[in-house]
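Fit chain E to the given chain R structure using the hints.
Sequences listed follow chains R and E, in order. Each residue of the first sequence is one higher than the one before, counting from 1 in my numbering. Each residue of the second sequence is one higher than the one before, counting from 1001 in my numbering.
To be clear, the hints were calculated from the coordinates, so they are not data collected in a lab. From a predicted model like this one, the values you see are computed outputs, not experimental measurements. Where hints are given, some of them may not hold.
Chain E regions said to be covered by chain R (calculated; three or more residues, Cβ under 8 angstroms) [unchecked claim]:
| no. | region |
| --- | --- |
| 1 | 1021-1032 |
| 2 | 1321-1327 |
| 3 | 1344-1353 |
| 4 | 1403-1414 |
| 5 | 1497-1509 |
Note that the Cβ used here is the ideal one computed from N, Cα and C, for glycine as well.
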Amino acid sequence: MALARAALESLLRTRQLDKTLTTALPIDLPGDEYASGASGVDELDARLGGGLPRGQLSEIVGSRSSGRLSLLLHMAAVATRRGELVAIVDALDMLDVASLEAAGVVLDRLLWIRGHVVINPGMSRELNQRAMEQALRALALVLQAGNFGLVVLDLAEAPIEIVSRLPFTTWLRLQRMVEGSQTVAMLVGCTPIARSSGGLTVKLGAEGWGPGAGDVRRALFMGFDVEARVVRARARGQDDAPARFATKGHVNV
Amino acid sequence: MSEGSRLQASGSRLPSPCYACVFLPPVTGQPAPEPGLLLEIAQGFSPRYERHRDDLISIDVRGLERFIGSKANLCCTGEPSMRAIGEELLRAAEANGVRAHVALARTRMAALILAHARPGLTVVAPGEEATTLATVPIAVLTRIAGCVIPPRQTTRDDGSADIAALFTQWALVTLGELAALPADDLTARIGRQGSVWQAIARGEDIRPLVPTEPDERFAGSLELEWPIDGLEPLSFVLTRLLEPLSTQLERRDRGAAALHVTLDLVTRDVHARHLELPTPIRDVRTLRTLALLDIEAHPPAAAIDRITVVIDPTPGRIVQHTLFTRPLPTPEQLSTLLARLGAVMGQDRIGAPAPIDTYRPGAFAMRAFATEHRPQTQPQPLVPSSQSPAASALRRCRQPVPARVIAKAGQPLRVTSDRRGYAGGSVVTAAGPWRTSGDWWADGAERAGEPSKAGEAGRAGEAGREKHSALSYPPHPPYLPHLTCSAWSRTEWDVALSDGAVYRVFHDELRDAWFIDGIFD
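So here's chain R without its partners, still in its complex pose (with noise of 0.2 angstroms):
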């Protein structure tokens, strides 16, 4: 009996059938990209078994200038290169143009939704609250309309009191809504709030940056050289060494 059921495992395993109908955890296929996303970054790539898991929700924290942003939209690089369609939830309502555009994102395959929440709330809390649902509610919506190759919430600077508030349900809705489909769904933020079971949390922490030349055609700052350390990577995690990786500066001009 056991032995019928480890057969029918690894035929379901070798079949790529439903993952919920296994035990065993998926055996990895590197380089399979309908099965996770690429970053884009090597070392990080290697870490991470391929990429960030496809049908899963996963998330990208650190502290302030960690390189988060820079690590995300280097994924949206090499995502619309792909082909892939970007959504992009910027609660805050931060993104730079120009910094997309010297990440070599393909602007025409990136849906921006921006969304209404502010760092400095003051007296208008509630509005801040409000926006924040608006802006999950718009990451349902993209969520559930399918076939998008990479979606993110971008929490990133969002008060951490807006955040906490949010019921865990929230995450487990989200997660449900992502699972099975082709599309790699990312939080971003300061801690982990909500990386699903087959997800993966890249924690970054900024080691160094480099201030520019005395050359006024270079960038003012030359980038940071970020640490990457996935954390409770289930089944991935044999290597808990640091990805290491450098951001460079585009020029100002």
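Quick look at chain E alone, frame taken from chain R:
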């Protein structure tokens, strides 16, 4: 023998096929005929007709002898029946107040030429087409060429006028002389068109009649027994109206290009909404959702008494699916998604980003997100290559955050802000300065240091809250191109602070104040 059995026994008395052509000659001093006049006349006789021009139409009149003409004609040869039909057509034209040329023949081409060449009624006996056309002047070709020659067979260089001129140069006077030319020699001189023109001169059809489809109206209306007030019942009614329209569109291989929803209200007002669809759509759920979202955004003032839906049709979308490319959202899905997102976030908050041709920091535009994307067979390489590191990205503050900056010789040493979330600290590393200015030529007052109206408004609104005043700072350069006309002059620094954050700060030279412009992340 009863009349019915005699009809069956006699069979069709007209030659098969048989065409009638009606031509309305121009009358000096009178306006051109109305475009729909000939269509109206043709529809009274047969559903198979082809409109060539507003003044010229061909009608397939086979079988009409059963309905038109005397019983005696039924026992005769085809010609009396043809004459009876022709006379009926002339009477119909006269009843509409126009004088027409009518010709009937076994070939459409012969009927077309004779309708142009001879006034009144002309009937050609079967088999006599070439003989009848032989005496027609060759100049008639220039008048009929546009409606008998398919566009593929005419070229820019050898158009019908040139060909007719050429035939005149050859001293050809009648169509009979053209028909009598040796076909091989004619083709050798003017190419394949030679044989086409010769066939026309003999009255032979070079293409079949292509029936003109009457303009189909895709509309539905429903008068409600009880007025409805609310989106949910409206949803059911819209579905009931749209389902047959969608089926009708599918049968015709059409999609909706625009959707017009007219709501007659109990107050006798009319609430009309018009939706331009980004792509041909005939899916009922999509159309209903789009209409409902639009009505939700623009609700009627009172309960609804009657609903009318009109669809502007457009040729359907042909999609070739493939197994080798990644699936993308369908235009229907994207249209619905964008409408829903617009209802949640606001239409101006969604779209595709677009850069603007300006040096103004942070300027951008929003374009409508395309609903149709072609699948990509080959991945596009990242520029530069995918091996290159990620570019450093900036989170831009749409409204620059006022900052307190201690600077020495213009270089920031410490950056703090009163705003929550921007703790600040001493500067660990700084890069700069980067001087940028622009649009000073467009705003003389600001250049001279006078506060603008926008600056005054900002001062009134936030008076006393900020020491470094965002108060005297005009609203941050907005993303809309038409608003990017105020002058700016600033000195930018990228600073890494002791709290770990890296900011882009700038000194506004016009207002002598420091601001945080963005956060490197």
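Right, here's what the structure says about each hint:
1. 1021-1032: Per the Cβ count (0), the hint is violated.
2. 1321-1327: holds (count 3)
3. 1344-1353: holds (count 7)
4. 1403-1414: violated (count 0)
5. 1497-1509: holds (count 4)
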